[in-house]
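**Q** Sequence:
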Amino acid sequence: KDDFEIIDKNQVPNAAELKSEEAEKAEEARWSAPILSLARKASENLALGYGSALRSASLAGLIPRAAGTDSTARTSARCHAMEERANLMNMVKLSIKILIQSALSLGRTLDSDFPPLQQFFVVLEHCLKHGLKAKKTFIGQSKSFFGPLELVEKLCPEASDIATSVKNLPELKTAVGRGRAWLYLALMQKKLADYLKVLLDHKHLLSEFYEPDALMMEEEGAVIVGLLVGLNVIDANLCLKGEDLDSQVGVIDFSLYLKETQDSDGKQDGGITAVLDQKHYVEELNRHLSCTVADLQNKIDCLEKTNSKLQEELAAATDRIGSLQEEQQQLKQQNELIRERSEKSVEVTKEDTKVELDTYKQSRQGLDEMYSDVWKQLKEEKKIRLELEKELELQIGMKTEMEIAMKLLEKDTHEKQDTLVALRQQLEEVKAINLQMFHKSQNAECSLQQKTEAISSFEGKTNEMMSSMKQMEERLQHAEKARQAAEERCNKMKQELAGRLDTCQQQMSQLDSKCSTLEKELKTEKEQRQTLQRELHQEKDATTLLKTELQQMEGLKKELRKLQDEKQQLEKVCEEQEQALQEMGLHLSQSKLKMEDIKEVNKALKGHTWLKDDEATHCKQCEKEFSISRRKHHCRNCGDIFCNTCSSNELALPSYPKPVRVCDTCHTLLLQRCSSNSS
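Residue numbers (UniProt numbering): 1 to 679.
Keep in mind that the hints are not guaranteed to be accurate.
Claimed, not checked - Quick list of simulated restraints, FRET-style, between CB atoms:
no., residue 1, residue 2, range
1, Thr400, Glu369, 41 to 49 Å
2, Gln333, Tyr360, 35 to 43 Å
3, Ile404, Lys379, 46 to 54 Å
4, Arg630, Lys305, 26 to 34 Å
5, Ser105, Ile628, 27 to 35 Å
6, Asp613, Lys133, 54 to 62 Å
Said to hold, decoys possible - Below 25 Å or equal to it, Euclidean Cα-Cα: the simulated SDA-like pairs (lysine to any residue) are:
no., residue 1, residue 2
7, Lys191, Leu245
8, Lys492, Gln506
9, Lys191, Glu153
10, Lys470, Thr419
11, Lys494, Gln506
12, Lys461, Gln510
13, Lys133, Gln248
14, Lys451, Ser441
15, Lys470, Gln449
16, Lys440, Leu337
17, Lys572, Lys523
18, Lys416, Gln426
19, Lys558, His537
20, Lys523, Cys646
21, Lys470, Ser441
22, Lys173, Ser290
23, Lys523, Asn434
24, Lys407, Thr548
25, Lys612, His633
26, Lys350, Leu337
27, Lys382, Tyr371
28, Lys241, Lys203
29, Lys203, Leu240
30, Lys382, Ser441
31, Lys632, Cys646
32, Lys407, Gln426
33, Lys451, Thr503
34, Lys416, Leu206
35, Lys97, Pro115
36, Lys411, Asn434
In case anyone wonders, no lab produced these hints; they're calculated from the structure. Think of the CB as a built atom: it goes at the ideal place given N, C-alpha and C, for glycine as much as any other residue.
Using the sequences provided together with the hints, build the complete structure.
**A** This is the structure:
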């Protein structure tokens, strides 16, 4: 069961050679004994783990077993469910362990074609399907583990991205395919354990989907969540496009878990050369361990120095304790003296109090009578006081109402003053407009007066003409005799008067037209005045709106200031968080380096298998067949066999003082490690 190879009986050396080698082995046994014990323990633990997993698989019915065991295992449904839970738990432990080991050996990044990862998803799917209730649909009864996974979106809002991306995939048509895609995305986000923990915290919701004896409803579910936390070390790069997740068959492949047992059976055919190579490898381990021992000795020296310093401080502390104890004794003596004095003073005060009590009893009788009289007066005063308090409350209420009214009046006065100022400005503007209108009306009145004067002059002329006509008629009446002689003159005069009348009528018509134009202008001015009044009302409304907007602006300014203060606080918090993230990044880089060192130590303790010449027929990297021209070469770091082209690099290892042959993959890995350590 050891990791070391067993030599065949045909290849055993002679007795003389064995005696010469016994002395060397005795020296080597001194330092190789602890390493061999560690290797034995590790191999025994692995064998026990694989054996228990295989037994659990056989019990679960995944591996065929005898009919007698079936009859004993299925005595009751409850025992059967408990066995299934235990078997699934063991399979989950095995799959996670092998997945982490294989991922660490390959550099932590995994694809969807990686067999241990596929088997892990199959085992997890079996765990989620255990104890599922069958839901009735139109087609029939269906069981899908995607139903409980959909609850994560409601319980944890961070999982909404996964749910939307799963729903948007057009290739997925069944609930099983969506559930598998959900598990893939959760593993890539490194939050699979967190989401399942949220589900387990709300078991009252899971009871709708699972039976009471299901794995997710029992304690095993919490154990699985704890195991899944270890998968955060792995970086998974899974492509969902192009994969048929609906039609995949979830069958567990036990060949992955049976490999190591078969390899241990096949390693019985070995040679002395392999043992010698392992010896050299163990010497390298010894040198590495000696370096670690030297570091530990340096640490022990530092601890001894700090221990000596602490002892000195302890001695000083004991001296201080002694001095404090002496001070405590002195304080106790002083306390006793003070106590004696206080007792004496208490006795004196007791005697004084007795005398005072006697005098108090005598004076109390007289005081009781006084008290009764005073009590009566007090009741009367209380009644008076209550009446005064009621009046005071009324006055206070009146005063508060007056203050409120005064405040309201002050507000009204302030508002009215503001409106008065605005109205005064508007009045000044209206006065200016009225002055303009007044000047225009004065000009129009002046022109009207001139026109009326002209009309009156024309009327006077017409009156004069009429009077002259009357005189002429009188003269005609008196001079009837000279009528015939003066007819011609009268006709001429009539013609002249007719012409003059025509001119007067024309002038009157012109004056009428001017009056109508002036009336029209007055009407237009009145209309303009009305429009100006309307504009004034509109401007008043605009000013009120502007005032309200100003108040809103002031409120917005206050909110802006608050938001700026909050922004400054958030910026401070962001800066602090960025500093914390930088510190976390430094800690993570340091922890990664420590993990790589631990890996190297684990690899050194476990030991790489030195591949034998007979086992290798093709190069491990280029897979070309070995021949006389293409010879075999061992890589001194990993122990595998390569051709000359794939192992032409040389590097100095800690076990070899000079540069030795190394394969291309080990060469790149060692160079990356050196560059990361130097950075």
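**Q** Is it true that the CA of Lys523 sits at most 25 Å from the CA of Asn434?
**A** Holds - the C-alpha atoms of Asn434 and Lys523 are around 15 Å apart, at most 25 Å.
**Q** Given the hint that Lys382 pairs with Ser441, test it: the Cα-Cα distance must not exceed 25 Å.
**A** With Cα atoms ~82 Å apart, Lys382 and Ser441 exceed 25 Å; violated.
**Q** For the pair we were handed, Lys416 and Leu206, check the Cα-Cα distance against 25 Å.
**A** Not satisfied, since the Cα-Cα distance of roughly 70 Å exceeds 25 Å.
**Q** Do the Cβ positions of Arg630 and Lys305 conform to the proposed distance bound of 26 to 34 Å?
**A** At roughly 60 Å between Cβ atoms, Lys305 and Arg630 fall outside 26 to 34 Å, so the hint is violated.
**Q** Is the gap between the beta carbons of Ile404 and Lys379 within 46 to 54 Å?
**A** For Ile404 and Lys379 the Cβ distance comes to about 37 Å; the hint is violated.
**Q** Lys350 and Leu337: Cα distance at most 25 Å?
**A** Judged against 25 Å, a Cα distance of about 20 Å means the pair holds.
**Q** Are the Cα positions of Lys411 and Asn434 separated by 25 Å at most?
**A** violated, 33 Å
**Q** Between Lys191 and Leu245, does the CA-CA distance stay at or below 25 Å?
**A** Distance of about 21 Å is within 25 Å: holds.
**Q** Mind checking the alpha carbons of Lys440 and Leu337 for me, to see if they're no more than 25 Å apart?
**A** violated, 116 Å
**Q** Between Asp613 and Lys133, does the C-beta distance stay in 54 to 62 Å?
**A** holds, 59 Å
**Q** Taking 25 Å as the top limit, are the C-alpha atoms of Lys461 and Gln510 close enough?
**A** holds, 18 Å
**Q** Does Gln426 lie within 25 Å of Lys407 when you go C-alpha to C-alpha?
**A** violated, 28 Å
The structure does not agree with the numbered hints 3, 4, 10, 15, 16, 17, 19, 20, 21, 22, 28, 29, 30, 32, 34, 36 stated previously, though it agrees with the rest.
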